Amino acid sequence: MTLDLIFFLILSLIAVATALGMLLSRNAIYSALFLVLNFVTVAVFYLLLGAPFIAMAQVTVYAGAIMVLFLFVIMLLGAESLPTAEVLPWQKPLAGALAVALAVEATVVFLTRARPAGDVLPPEESANMIDSLREMGMMLFDQYLLPFEVTSILLLVAMVGAIVLVRKEKRVH
Amino acid sequence: MVPLNYYIVLSAILFTLGVVGVLIRRNALIIFMSVELMLNAANLAFVAFSSVIKSFTGQIFVFFVIAVAAAEVAVGLALIVEIFKTKRSIDVDQMSSLKG
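Chains as they are written, first to last, in my numbering: chain A, 1 to 173; chain B, 1 to 100.
Among the hints, a few may not be true.
[Said to hold, decoys possible] Computed footprint of chain A on chain B, listed as stretches where at least three residues anywhere in the stretch have a Cβ under 8 Å from a Cβ of chain A:
1. 4–10
2. 21–27
3. 30–40
4. 43–56
5. 59–72
6. 78–92
Hint data in this document are derived by calculation from the structure and do not stem from the laboratory.
Bear in mind the structure is a predicted one, so any value in this text is a computation, not a measurement.
All C-beta atoms in this analysis are idealised placements derived from N, C-alpha and C, irrespective of residue type, glycine included.
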């Protein structure tokens, strides 16, 4: 068992445990913090896979911006926990059975159909990492320039939409 | 040296946990967080494939997914705040009427 594999197993244990913690904690604040930990763990996976730019984007955008927005809204609404009144008693067993079916099916389909079944090599040296960043930037602003610009418009539209939704209506007499 | 299959199985497990969250929780915010978890699991599979075939296309797709997720969260949380203002609750069981 190599060092990489041990590292992977420990990290995946943390990722699954934090995802479970997010699901099961009664308090929404705890859920959000578990999810932050999960996102950081996945960012470490990205570093292991040799994707430093995506790892940093994950930490700043997901673990930073998005989860802070979530925490703001949870605290703004004061909606940490709901009164526990089970309306549908069969909901949880059914959800568990369906989830097990989905997990088995997804694993089988991926493992039998995913073509490049190879090994993930350890990340390259830091000099090569900078080269890969440069190459990715060239690709983003050359081959994928139009989607990049469309993304900026999408973010602008989302911002306008959020402001319009929560704005106070002014009555015009 | 980690086999690609391990990453795929981990991605499937994380995605399934997100699905379970959507199915069993009634707090709209936690359902939303579970959707983020599912997006994240798909991103992990994308980066793992991209790393094995030595192409940046998968990473660039993940970059766009992150941008779209940010936009989605901004609008979705605004909607949840608006629902809370009218219903005084974010329990999804209470959102059962078509007219506010």
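Taking the hints in turn, this is what the structure says about them:
no. : hint  : verdict
1   : 4–10  : holds (count 7)
2   : 21–27 : holds (count 6)
3   : 30–40 : holds (count 7)
4   : 43–56 : holds (count 11)
5   : 59–72 : holds (count 12)
6   : 78–92 : holds (count 9)
The earlier numbered hints are all upheld by this structure, with none contradicted.
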